[in-house]
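Visitor: Each chain is listed here by its residues.
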Amino acid sequence: MNIAKPNSYRSGPDDRGHFGIFGGRFVAETLMPLILDLEKAYTEAKADPAFQAEMNGYLKNYVGRPSPLYFAERLTEHLGGARIYLKREELNHTGSHKVNNVLGQIMLARRMGKKRIIAETGAGQHGVATATLCARFGLECIVYMGAVDVERQQPNVIRMEMLGATVMPVQSGTRTLKDAMNEALRDWVTNVHNTFYCIGTVAGPHPYPTLVRDFQSIIGNETKAQMQEIEGRLPDSLVACIGGGSNAMGLFHPFLDDPSVEIFGVEAAGHGLTQLHAASIAGGRPGVLHGNRTYLLMDADGQIQDAHSISAGLDYPGIGPEHSWLHEVGRVNYLSATDDEALAAFQLLSKLEGIIPALEPAHAIAKVLELAPKRPRDHLMVVNLSGRGDKDVPQVGDILRGKSK
Amino acid sequence: MTTRIDTRFAELAKQGRSAFVTFLMAGDPDPATSLEIIKALPKSGADVIEIGMPFTDPMADGPSIQAAGLRALKAGMTLKKTLELVRGFRKDDNATPIVLMGYYNPIYIYGVDKFLVDAKSAGVDGLIIVDLPPEEDNELCLPAMKAGLNFIRLATPTTDDKRLPAVLANTSGFVYYVSITGITGAATADSSAVSEAVARIKRHTKLPVCVGFGIRTPETARDIASHANGAVVGTALVDALRNSLDAEGRATGKTVNAVAELTAALAQGVRGAQQAAE
Numbered sequence: 069m070n071i072a073k074p075n076s077y078r079s080g081p082d083d084r085g086h087f088g089i090f091g092g093r094f095v096a097e098t099l100m101p102l103i104l105d106l107e108k109a110y111t112e113a114k115a116d117p118a119f120q121a122e123m124n125g126y127l128k129n130y131v132g133r134p135s136p137l138y139f140a141e142r143l144t145e146h147l148g149g150a151r152i153y154l155k156r157e158e159l160n161h162t163g164s165h166k167v168n169n170v171l172g173q174i175m176l177a178r179r180m181g182k183k184r185i186i187a188e189t190g191a192g193q194h195g196v197a198t199a200t201l202c203a204r205f206g207l208e209c210i211v212y213m214g215a216v217d218v219e220r221q222q223p224n225v226i227r228m229e230m231l232g233a234t235v236m237p238v239q240s241g242t243r244t245l246k247d248a249m250n251e252a253l254r255d256w257v258t259n260v261h262n263t264f265y266c267i268g269t270v271a272g273p274h275p276y277p278t279l280v281r282d283f284q285s286i287i288g289n290e291t292k293a294q295m296q297e298i299e300g301r302l303p304d305s306l307v308a309c310i311g312g313g314s315n316a317m318g319l320f321h322p323f324l325d326d327p328s329v330e331i332f333g334v335e336a337a338g339h340g341l342t343q344l345h346a347a348s349i350a351g352g353r354p355g356v357l358h359g360n361r362t363y364l365l366m367d368a369d370g371q372i373q374d375a376h377s378i379s380a381g382l383d384y385p386g387i388g389p390e391h392s393w394l395h396e397v398g399r400v401n402y403l404s405a406t407d408d409e410a411l412a413a414f415q416l417l418s419k420l421e422g423i424i425p426a427l428e429p430a431h432a433i434a435k436v437l438e439l440a441p442k443r444p445r446d447h448l449m450v451v452n453l454s455g456r457g458d459k460d461v462p463q464v465g466d467i468l469r470g471k472s473k
Numbered sequence: 084m085t086t087r088i089d090t091r092f093a094e095l096a097k098q099g100r101s102a103f104v105t106f107l108m109a110g111d112p113d114p115a116t117s118l119e120i121i122k123a124l125p126k127s128g129a130d131v132i133e134i135g136m137p138f139t140d141p142m143a144d145g146p147s148i149q150a151a152g153l154r155a156l157k158a159g160m161t162l163k164k165t166l167e168l169v170r171g172f173r174k175d176d177n178a179t180p181i182v183l184m185g186y187y188n189p190i191y192i193y194g195v196d197k198f199l200v201d202a203k204s205a206g207v208d209g210l211i212i213v214d215l216p217p218e219e220d221n222e223l224c225l226p227a228m229k230a231g232l233n234f235i236r237l238a239t240p241t242t243d244d245k246r247l248p249a250v251l252a253n254t255s256g257f258v259y260y261v262s263i264t265g266i267t268g269a270a271t272a273d274s275s276a277v278s279e280a281v282a283r284i285k286r287h288t289k290l291p292v293c294v295g296f297g298i299r300t301p302e303t304a305r306d307i308a309s310h311a312n313g314a315v316v317g318t319a320l321v322d323a324l325r326n327s328l329d330a331e332g333r334a335t336g337k338t339v340n341a342v343a344e345l346t347a348a349l350a351q352g353v354r355g356a357q358q359a360a361e
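Chains as they are written, first to last, in the numbering used here: chain Y, 69 to 473; chain D, 84 to 361.
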């Protein structure tokens, strides 16, 4: 890419929410005043030590942070190359990294006096995290979820309902995450006066990509300190899976200005990049959807195409705008893993380390299987284990027993 | 520059009546029937015609208009064909203003500069792009004004007095007041709230103010039109179209008439407003 290298990779976005040409605020006028309010509230909260102190309390005692940085000894031996560390985000309360962001947004919603929370969810991890914190703070919670995802992620649907949330199956379009986001935006536009939209990833109109990134950056900040303590230095490489890209951005962002650290994002290649997939950077181009300009899967007329991934959490035809920018400036390498590669990695990690990963980070593990053996034994590689696989056990069980594909 | 929109509203002002603005989706249920329907609208009393540009992910639209867009896309509609539809309409009608309404991505992918040239030459007069607020004016609004097209902005119940000047700054043709917070076809507009909002907008601009979202019947159309310079009806017309289709969603002999008849009834409602106002 022949784009000038910036002085820092961490200074974005500009005051209009742009990362290079990406990002922005492409929303209906009805929502614009709210988005400006949110930006103001977030700027004030960030500067308020009491906000951070309260959040730190919940992160420690409710979420269970810091999450361990665990040396995966048997996986390392098996691959015979880099020393592999797993950032154990799957041990957080609710089972994934999603809770880091939801806690921050729910605390913002409370500051703004909003009593009704809406969210979109793909795999259900963001929905579960939102339902959990709404239960904790006594807020009404409505979660939009594609009807296809409701079907394949039943355990999470049941969890959300137990937590007192209303799950709204979305029947429009492809009935997955993209349509859940459309429907959440329609709800928001209708109920602007009392509703806070808790977006689950580093996408959407400014300031969402920034505030979600900031709330998730605790992953990378902890990793940096933990690695310093364990190995006395920076890691050499980072690997994380990407749907919208919040777990990846959270791990990557604190390391963007450390030039010795190689960074790999892994998109979902579904059945393969020449067939149905969800790899927006590998197979898409810049367009405008859901409030931001970013890489999208679309046809020649600008119509959004169906994404496919075995993992409901990665089954989205776009990616966060900051990732699109990091791709174009060449700071992060974006790779992809197929459904089959992710399934194999899912089984391998379960058997070697006794950790059943979610299908989403199984995509990251799949690329570790390729990257780690090519690196020396003193190379330190960190993989974000962004969620646990309990929710996927029924689906993977069916696939392995040959019941479905 | 004077567009067909400016000319039309000036004529209507002279006649002392409000505009009836129709919305239908380009290519719904198929390109040929869609052209016939659009051609029938002026004869049935439409003063300004809005044509939807189909998009897979219409975030501000309710189920009826979502379904209309999907019918059109299934029938092979593209942005290029939408411009051909306008060109076809212009063969017989060089006076009725045409406004294209939709979302930014198909235009962005078509290429903004090329789109503006092609739209102007096809006979398009104005654009309403739902997901381009004033904060993104550099994208399309400013180039469109330069190309001689009106950029019609949506003002909503959440657009307060502090924000209105920003919303109106680069607006031309008319202002489209969205009478409810919500998606198309959802709630019914409350006429006293609408009247107050229109008066508020008029304190900031000399442009005509048309009101849409939530108008389904000739009675509501008359009511709203008596408080504004125009009433926009979309979902009710799209529903009439859909109800005329066969089980497979194809046009029948009734389709064009179904839309034309409802258009005539609504137009009569709007024309009744002027008598009410006099």
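None of these hints come from the bench; they were simulated from the model. In this text, all values refer to a predicted model and were calculated from it rather than measured experimentally. We treat Cβ as the ideally placed atom computed from N, Cα and C, and that holds for glycine. Among the hints, a few may not be true.
To be verified - Calculated cross-link-like contacts (lysine-lysine; reagent style DSS-like; alpha-carbon spacing at most 27 Å):
#1 157(D) / 229(D)
#2 337(D) / 289(D)
#3 114(Y) / 245(D)
#4 97(D) / 285(D)
#5 97(D) / 245(D)
#6 203(D) / 229(D)
#7 289(D) / 108(Y)
#8 245(D) / 183(Y)
#9 157(D) / 197(D)
To be verified - To spell it out: a stretch of chain Y is covered by chain D in this simulated footprint if at least three of its residues, at any positions, have a beta carbon under 8 Å from a beta carbon of chain D; those stretches are:
#10 90-99
#11 250-259
#12 353-360
#13 363-376
Visitor: Could you tell me which of the hints above the structure violates, numbers in ascending order?
Guide: 1, 2, 5 and 7
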